[in-house]
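Engineer: Chain residues, written in single-letter form:
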Amino acid sequence: MILQTIILWYGILALSHLFIQINLGHIEFLKYFSMITDKSFTPSVGIIIPMYN
Amino acid sequence: MWECIKSTLEQNYPDVLVIMIDDGSRSAEVFDQIKKDFEHYDNFFPIRKYRNEGKRKAQKTAFDVLDERVEIIVTIDSDTVLSKDGLINIVQKFKNPNIGAITGNVRAIKEENLLTKLIDGRYFSAFNQERAAQSLFGTVLCCSGPFAAYRSCIIREVKECYITQRFLVQECTYGDDRHLTNLVLNEGYQVKYEIKAHAVTRVPHIYKEFFSQQVRWNKSFYRELLWTLKFYIRAPQNFHPYILYDLTIQTMLLFLLMLVISFSFFRGITVSPIYLLQYIVMVFGISVLRASYSFLRSRDNNLLLFPIYSFLHIFMLIPARIYAILTLKKAGWGTR
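Chains as they are written, first to last, in the working numbering: chain A, 1 to 53; chain B, 1 to 336.
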């Protein structure tokens, strides 16, 4: 009985969190269709590549 | 390594300096060869440290050189390859002065190996579901190590805290990306995800290496969870409520998961294997849902393999998670 309850709660929480994430993530994804890359916006950039071999 | 440097130097971007910093490798052979091969680029600066002090201190050396000279600092891993438009796309959101850091869209370099394909599926959902959701509120909790961009004025403010982070007296080595992101959030800036800033990175192709990586990632997740909660309590105005929601759910899921596993294994062994099967079916079902969305979004057939990841989750990631919690204080990378 305890196991069933815990599994049920875990399932509900995990699925609802996944559902929220996918929906919010999808809203963010849809926003990209309206975005245009402004090629004139080019602040100075420095790239750091740490290496160890 | 060569591919990585080449991809940074051949960007469709006009104003970029590239610093490669050798963190005291035992042999200078590779460093010397790279220096020679790329000497014709006047924006490439190789630096060699003679002592191995870890990734954070290596980055700090480069921060000191760059943070007064450039507006944006991009950190990448040496096994990452940027797409040609990676830089122009990752800087776009910095037009908004409230944004302090941006993470790129990283996928795995897929080899003819099932593990790399499964990890690629995990990367897809980690970026396009988890980080994308956080990005909607400007609360991405981890700017990925393989490709991230930060405002240099923030780096100037936080770099000392970044290299001196300690947890239970121990100096922190791994989890650098997560901590740097947290420091940016703590300064009151937003952190976003840029879907158009593509990069690919090498991922573990053997299970042992994957296990070590997951232990490190889990340790940094739990350590940073405590750090974020501490700073959230001190200055809640600096954080969006979605962070609190996200962290609360993740913490609750962790505890419930531990209970589910303990009870399932106990009942599965002592009463009937059906109890164990219940748990496996549930994890598999969640993976099917993730895979379905990923496939519908990307039409990438490889992502349909993702439900197999649920078995990795049960037999490798859960043990890695438990091991990470038990050895949270240990600071080694497990690879050197």
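Source of the hints: derived by calculation from the structure; they are not laboratory data.
All C-beta atoms, glycine included, are put in the ideal place defined by N, C-alpha and C.
Take the hints with a grain of salt, since some may be wrong.
Dumping the calculated BS3-like pairs for lysine-lysine here, alpha-carbon to alpha-carbon at most 27 Å [stated by the list, open to error]: (1) K31(A) <-> K6(B); (2) K230(B) <-> K110(B); (3) K35(B) <-> K39(A); (4) K39(A) <-> K84(B); (5) K95(B) <-> K60(B); (6) K35(B) <-> K95(B); (7) K39(A) <-> K6(B); (8) K208(B) <-> K230(B); (9) K49(B) <-> K95(B); (10) K31(A) <-> K60(B); (11) K49(B) <-> K230(B); (12) K95(B) <-> K39(A); (13) K55(B) <-> K31(A).
For the chain A half of the interface with chain B, some residues (derived, Cβ under 10 Å), not all of them [as the list claims (entries may be wrong)]: (14) I7; (15) L18; (16) F19; (17) Q21; (18) I22; (19) S34; (20) M35; (21) T37; (22) I49; (23) M51; (24) N53.
Engineer: Identify every previously stated hint that the structure contradicts and give their numbers, smallest first.
Structural biologist: Result: hints 1, 2, 3, 6, 8, 9, 10, 11, 13 and 19 break, sorted rising.
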